[in-house]
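Visitor: Taken in sequence, the protein lines are chains A, B and C. For the first sequence, position 126 (counting from the first letter as 1) is numbered 126 according to my numbering, and the numbering increases by one without interruption. For the second sequence, position 193 (counting from the first letter as 1) is numbered 193 according to my numbering, and the numbering increases by one without interruption. For the third sequence, position 66 (counting from the first letter as 1) is numbered 66 according to my numbering, and the numbering increases by one without interruption.
In case anyone wonders, no lab produced these hints; they're calculated from the structure. For glycine and all other residues, C-beta sits at the position ideal for the given N, C-alpha and C. Among these hints, one or two may not hold up.
[Stated by the list, open to error] Quick look at which bits of chain C chain B covers, simulated, 3 or more residues with Cβ under 8 angstroms: (1) 42 to 49; (2) 163 to 170; (3) 205 to 217; (4) 242 to 256.
[What the hints assert, rightly or not] Example chain B residues on the side facing chain A (calculated, C-beta under 7 angstroms, incomplete): (5) N180; (6) R197; (7) R200; (8) L244; (9) A247; (10) L252; (11) G253; (12) F344.
So the chains spell out like this:
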Amino acid sequence: MISARHVTVRAGQRTLLDAVSLDMVPGKVLAVIGPNGAGKSTLLGALAGTLRPASGQVNVDGRALGDWRPVALARRRAVVGQSASLAFPMDAAEVVGLGRLPWHGTPGAARDHAAVAAALSATQATHLAGQAYATLSGGERQRVQIARALAQLDGADQPAALLLDEPTASLDVRHVASLLRLVRRLAQGGLAVLVVLHDLNEAAFVADRVAILVEGRLVASGLPRDVLDPVSVAQIYGIEFRKLADGSLLPRFSDVCVW
Amino acid sequence: MSASLTLSTTRRARRLAVVPLGALALAGAMLAGILFGPAHVSLAGLLATLADALGLAPLPAEFARDAAVLGVVRLPRVLMAAIVGAGLGVAGAAMQGLFRNPLADPGLIGVSAGAGLAAVVAIVLGGSLFGAAAGLLGLWLLPLAAFVGGLAATLLMARLGSVGGVTSVATLLLAGVAVNALAGALTGMMIFMADDRQVRDITFWTLGSLAGSRWAQVPVVAVLVGLPTLALCALARPLNALMLGEAEAFHLGTRVEAVKRLAVVLAAIAVAAGVAFTGLIGFLGLVVPHLVRLGFGSDHRLVLPGAALLGGALLVLADLAARSLAAPAELPVGVVTALLGAPFFLWLLRRRGGTR
Amino acid sequence: MTEIIFALGAGARVIAVDSTSRFPTLVEALPRIGYMRALAPEGLIALTPDLLLMSEEAGPPQAVAVLRAARAPIRVVPDRPSADGVRAKILAVAEALGLDGAPLAAAVRADWAALDAPIGSQRPRRAIFILSASRGAPLVSGEGTHADAMLRAAGATNVIGGFTGYRPLSAEAAAMAAPDAVVMMTHSLAEAGGLDAVLSMPALAVTPVARTRRVLAVDGPYTLSFGPRAPQARRDLARLLHPGAALPDLPLRDWT
């Protein structure tokens, strides 16, 4: 329900995104991967409305992004950035409660309490509710942030969108696995999900569709098993990969000389 | 109404109690400020003054002094302290929320430095610079100059901190430092040009005092400090959204630029108008919000009104101490707030160091 | 002003004094109302005075306004540093107290006048008055101060001019002005570290004072307040400035 058409984003002389087009589909997870500096976060910013494209258009539910009031937009799409830090102490439940701010003054506000509880439950973070956010681990904070996003989207009467920017960065493997499973569950519940990832295997596991960005251009888009083949990936990342029997890709570290 | 899920209802109830508790504290402080002080007012004198004020019975001559102390000296002073203290408290809380920095206080936006500079200019150059206007304005020249100076400094700082319509918090902070430094340098130059008597006047003004509080000032601060205080309390939700950062606040639907501008303008007016009459009173804007957060959490819907009420109460009590401790002379109230605020602030820093 | 009240014989009526009142010494025991330009309205009213005598310099203006609004019994007394100024001050204080100040004023005036000829016949010494010298550049008196007036009355020329009040003295300005005597208050001299410390300051080291070593210490309030002891102060300072001069002794007065 969020779609980008020929979106170009510039910063001064540099072109960060070059005529990128893609769609977020309700119930499906779209993973965006690519080397560093490829423009993944820029793309997420353009879709979320934080960055204005120099040309091209982003539509949310058929309407241009610029036509949406910020508050109304907030009730349809939620963004989870990199792990945020708080300046002042709040407990996890209060952080989740921040997600209900766009519903202030609407009939949906009556659901505030229930929405927070449901979000904590869906992310299996109910036991964290009363703890100070500052004392949570990285993985726990990510879950609380996702719960906040869910609380934000609770009550949206049409399919809503969730955008996640590198949610697995600096998480250890166990937490990565549970977070990716959570993302798949959320998509199955009807959300349109876009997740920016670093790791190819994470993308292969979580995504229904994968988009690869290189230097601001969309170079590949499609099913994971089609897009993530060793040859194309080697060309994009400049390093050889091996495909294992179960389908995962392993980088070949031995005969590489970058510097 | 409350969107926070708390584990126990007592905790939530305690948080909702911040406004009634704060109002009670403020009322109590104001009552103490009216009843106590170096000039002893007898119960009979108090009753006689009330009776006269209510039109029930004319004031007997022997209570003329009591009535003067209560009505001319203490009541306007307590009202000024309550209003100005509220403005300082809420402005400090708003600036801490806006800059996402627990060490922020209203001085960060340059308003104190600008008001101070303008006051010093008025003291040193008053008659010569403003000529006939000085004579006409009389006692209002200094507050007017300080008010205008405070706002001008904030405006300068906001211009410096904005690049292409976007006000970056980091740039704002740096601009605040620059404006403070500039004002300080110009103030130093003024002090150099001042004669001995003016230097003393400047020193005492800079330390802050409510001794000059008169009835004529009360409606002025009630509007110029009171209204921005109420308006800032209404910014509680956007400030909550900013807790996670500006990008997140935008994603939650906040018009971030507008909120930043509005918060800075309102805080500047509230503080400039207060400082214009009382001189520089430090630490209240810094410490009061933390006191409220300690007891009631960081939700701005509680912290902003709580800081206003507690700020008013504390300034009333600080003023009571200022005029009672060194009687028949008077301590500058800024000294009292610093004496109380500094140790608390050090304790706060140590506490933060422990939990991080 | 405090001295005048005592000299008029009304000393028993004084219940509190400001921070600069030191003479007669028994006022040290009275409550202090603080610096005269930082008055506390409630504190003053608390003392339930029948009369608040304040100089024109009292402040801050807002506090005085509060006092007036509270109908405090204020009388303002002029304070000009001259023989006529002293006379006016004495008469104003006397009138506020309901006493006859003419005899006191006349006596003080006569004492002052007795010094005119002897001092006038001396060649004026080139002098400066330093208010304080404990930090950075010394603060020196320009025109219009009590110190300036007393310097001139005691047979000296204040070689620093062109501004009113006190300013920091630069070494170059001091060299140009070339005073050969410095008058300071005793406690300022002590704070500055004594005679040698003062003479070693750059501002004075370049002047004739470094050679003459004429740093004259006087009691501050006594010399500068232009009260009833003004003639005595004038004579004492003149004696310091002109050591060999023949100055008449002044009659012994009750109030000295």
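Visitor: Please go over all the hints and tell whether each is borne out by the structure.
Guide: Okay, the hints, checked on the actual structure:
1. Under the rule that three or more residues need a Cβ within less than 8 angstroms of chain B, the assignment of the stretch 42 to 49 of chain C holds, with 7 such residues.
2. Residues of the stretch 163 to 170 of chain C lying with their CB closer than 8 angstroms to a CB of chain B number 5, which satisfies the three-residue condition for coverage.
3. Only residues whose C-beta sits within less than 8 angstroms of a C-beta in chain B count toward coverage, and the stretch 205 to 217 of chain C has 0 of them, not enough to reach three; the restraint is violated.
4. Counting residues of the stretch 242 to 256 of chain C whose CB lies closer than 8 angstroms to any CB of chain B gives 0, so the stated coverage by that chain is violated, three being the minimum.
5. For N180 of chain B, the suggested interface contact is broken, since its CB lies about 22 angstroms from the closest CB of chain A, more than 7 angstroms.
6. Taking 7 angstroms as the C-beta contact cut-off toward chain A, the hint placing R197 of chain B at the interface is violated, the least distance being around 45 angstroms.
7. Interface restraint check for R200 of chain B: the shortest CB-CB distance to chain A comes to about 41 angstroms, outside 7 angstroms, so the restraint is violated.
8. With 7 angstroms as the threshold, the beta carbon of L244 of chain B comes within range of chain A, its nearest partner Cβ sitting at about 5 angstroms, so the hint holds.
9. A hinted interface residue such as A247 of chain B counts as satisfied when its beta carbon comes closer than 7 angstroms to some beta carbon of chain A; here the least separation is about 6 angstroms, so the hint holds.
10. For L252 of chain B, the interface hint holds, since its Cβ comes within 7 angstroms of a Cβ in chain A; the closest pair sits about 5 angstroms apart.
11. A cut of 7 angstroms between beta carbons decides the hint on G253 of chain B: the least distance to chain A is about 3 angstroms, and the hint holds.
12. Look at F344 of chain B: its Cβ only gets to about 17 angstroms from chain A, farther than 7 angstroms, so that hint breaks.
Hint check: violations occur at hints 3, 4, 5, 6, 7 and 12; the rest are consistent with the structure.
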